[in-house]
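Q: Based on the sequences and whatever the hints tell you, model everything.
Sequences listed follow chains G and D, in order.
Residue 2 is where the first sequence starts when you use our numbering, and the numbers rise one by one after that.
Residue 25 is where the second sequence starts when you use our numbering, and the numbers rise one by one after that.
Rather than coming from a laboratory, the hints here were simulated on the basis of the structure.
Just so it is clear, the structure is predicted and the values come from calculations on it, not from any experiment.
A hint or two may mislead.
To be verified - DSS-like, lysine-lysine: derived pairs with alpha carbons at most 27 Å apart:
1. K98(D) to K85(G)
2. K98(D) to K111(D)
3. K153(G) to K135(G)
4. K349(G) to K113(G)
5. K344(D) to K408(D)
6. K411(D) to K85(G)
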Amino acid sequence: MSHDGMRPSSDPRRQREYAYCTACPKLCRFSCPVSEAERRETVTPWGKMEVGHQLETRQRPMDAASAEAVYACSDCGRCTEHCKHGNEVAPALVALRAEAVRAGVAPESITKLVDRFASHGSPFPTSLRQAAQKAGMRDDGTYFPGCTALAKQPNLVDDARAASEAVGMPLAVSPLASRCCGYPLWAAGHLQAFRAHAEGFAEAAREVPSLVVGDPGCAYTLSVLYPQVGVRTPEVRLWVDEVARRLPEHAGGKPVELDAAYHDPCHLGRGLGRYEAPRAILQHALGGKPFAEANDARNDAGCSGGGGVLPRTHPETSVEIARRQGEALGERATIVTACPAARRMFEKAGRKSLALETVLARFFGRESGD
Amino acid sequence: MTPEFVRIASVIEPSESQRALASDLARLCDGRASAGSQDRIAYARDLWPKATYWAGLGKVPRPPDAICWPRDEKQLANVVAFARARKIPLIPFGAGSGVCGGAIALTGGITVDLKRMDRLRSVDHASRLFTAQGGIIGENLERELAAHGLSLGHFPSSIYCSTLGGWLAARSAGQLSTKYGKIEDMCQSLTAVLGTGELVKVRARPSNGPDFTQLLIGSEGTLGFITEATMFAVPQPATRAYRAVRFRTLEAGAEAIRRILRDGLRPAVVRLYDPFDTVIAGKGKTKFAATDEHHRDGIQVIQERAPLAAKLAVRAALGKPAALNRLADLLRECLLILVFEGDADLCSAEDEQALILCRELGGVDLGAAPARHWMEQRYAVSYKQSKMFAAGAFADTMEVCATWDKVLPVYRAVRQAVSPLGFIMAHLSHAYVEGCSLYFTFSATAPSPEEVVERYDAVWREALGAAMAAGATVSHHHGVGFSKAGRLHEELGSPGVNLLRALKRTCDPDGILNPGKLGLGGEA
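A: As structure tokens, then:
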């Protein structure tokens, strides 16, 4: 489409997904954390994908009301687990966000986010470079904790490094950690900016054979989203995989006394298929003691509300999602998760939450402390 | 009253009066109200297939003027008082999964979304009862009950996308209704906010006097909003016994079901597919035929006819239904699926006895695999309609009920009536001692969208007319909504309609609740 805000997708897959969702009896609706939190038909996967069909059929331009709907997604991917057509709702909505950006109707919070990204290179108003240096950046470092951890949870970075060292895998923060992976740009629908950012990241990473990535969202971005825009990255090794593999040989430590519940991060679980490694780490740190899980776990796990750009565009909804997931994990348990964004969300919802890295560092008596 | 379809493009920013309405409602519902254009579009339709068809082409029924989300009965009662004072229609909305237009606004007004009332309030293990709010989604409720070791025993194919309140409002039936009953059999008491704004709590099977739960169940939001219910739960089944049987004819299969029920057996699932539905149901079963070698022969006999027929089905459904229906007439064999659940010994004994009865009527045992496969895929059928609509065709289902003496005459009458207009197939399910439900699926297309809709209307007119003339009820579990309202009045007859109207006047004196549904009101 021209610039009238009604631009049909050139991707037949997306066209089919929009059409199929529009004609579906909303069979995945119960799995969508946003529609469950808001109880609003407009933000069921059905309602959001219908915006795409409206554009495809040139019935309605992308306007502010449509944009509000297509940003109401936490990119958790749970609906796709329940779709027999395999419709990938989250990326289909990102394509619609790109239309919202193009039409100039994206939410104001998105404009602010992208402006901040342009000025700081990340979604946070801090210098990632300084944060990385403070966290022990070294030229030969391979650890990529992600900007949420660096900017908001520096103790997590210390704990991850301490726990890694305890299992015979000393880690230093990579210079690449002074760059955000760019996920917020993708989720915001600024796809050209995302591609440019990815290319810049890849250029900086040209001599880097591999990274040990802590934040599941970053790992997902580097290993799944970058290839989708034709960008090659260093090999992505997950911190949870690397640590879990070494743990049996480093059993020493003191079991952590904790009434724990484990939350599956969406990008780590459904995104990257890792369910066992984080559980093995937690089990080990608790000295074999059981921990709680929600009734809906693993590939059907609930969401914390921290994904996508939902906390920016729909802050109350994202906190309500975290509250509901916290409730599903048990009222009194401390929620352990391997995702810094999820941990932030649980804390915003008034729950105690610990990083998996911190629990393991505590097991080895090396926790950095708050 | 005829629903007006408007172009989605015409649903633009709210008018001043719509904004003011939403603002007033927001004050009543702690901020939760909207007149936004995408919200009005999303609430303009439920899953009435005619509306789904139009939506694919960019049209929706006239949307509500505003939507609100009350948190509790008190807020809801305030919304009712507000609407009464202004004579504004109120349209109750659960999850919008109804297929008869029951949640369509028709004349605008306020759609009241009840999903903020979505808590499982309590579980009484000793009495095996639970109390839940009406806005809870079925799948969520079942999962919460499972954590208590219990189950709803109610599994409509819409369980992922429908609410407890919606089930009660539309007299829902689940796939295991032969054992556990329909939703009205599972309700111990319910709470509702009437059109007067009064909150009532009524109990089923009172020791004396009328059972008012049964007046509100099936009232489809025309008398009140069902906000909470205490329901009977069932234990999670200890075991299941699966059985599939092939019959030479539909008549033999139907007679087998009748005898199974008559002899006191209570399978949870009973489904007898007519010959073409058998082909569709058998599609993709080669994988279990191989693992169930002993019974391989039986299912293969049916499946050998599938590929050509299935391909022809799609083509013929796109234009030449009569030819396909004639082809389907050449098929004879039918698949019966039985599932027993509960105590292992009892299941085994019932399964054994059912098989004896089936064999007496020429039934051939196909083993457990086809029934197990059905159970694993029991909600999959709901995903299929997307492809039909995306292909420019429509698909819809009609479920009626008849006593055993009329079941096959109804089947034949409907097939005959629909055959020239659309492809049709059916299965018998929800079997009871006195009769069963006939579940017809039809699809068709036409050269232009307008003709498709004309064809759709014609199919429904002929199908339901033929069914009722042959002795069927107007519905078994989809409800009446808007689309079957006229037929409901035929079924009730003049005295029945007068009673219904008197009830409406009492519970909804201003006629503001869900106008046009069950053929009531629309003047507000």
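Q: State for each hint whether it applies.
A: Checked hints:
Between K98(D) and K85(G), the direct Cα distance comes to roughly 40 Å. Violation of the 27 Å bound is thereby established for this hinted pair. For the given pair, K98(D) sits about 20 Å from K111(D) by alpha-carbon distance, which is consistent with the 27 Å threshold. Restraint check for K153(G) and K135(G): satisfied, since their Cα atoms lie roughly 13 Å apart, inside the 27 Å limit. Distance hint between K349(G) and K113(G) is fulfilled; the C-alpha atoms sit about 21 Å from each other, no more than 27 Å.
With a C-alpha separation of about 21 Å, the suggested pair K344(D) and K408(D) falls inside the 27 Å cut-off, and the hint holds. For the suggested pair K411(D) and K85(G), the alpha carbons sit about 12 Å apart, so the restraint of at most 27 Å is met.
Checked against the numbered hints above, the structure breaks only hint 1 and satisfies the rest.
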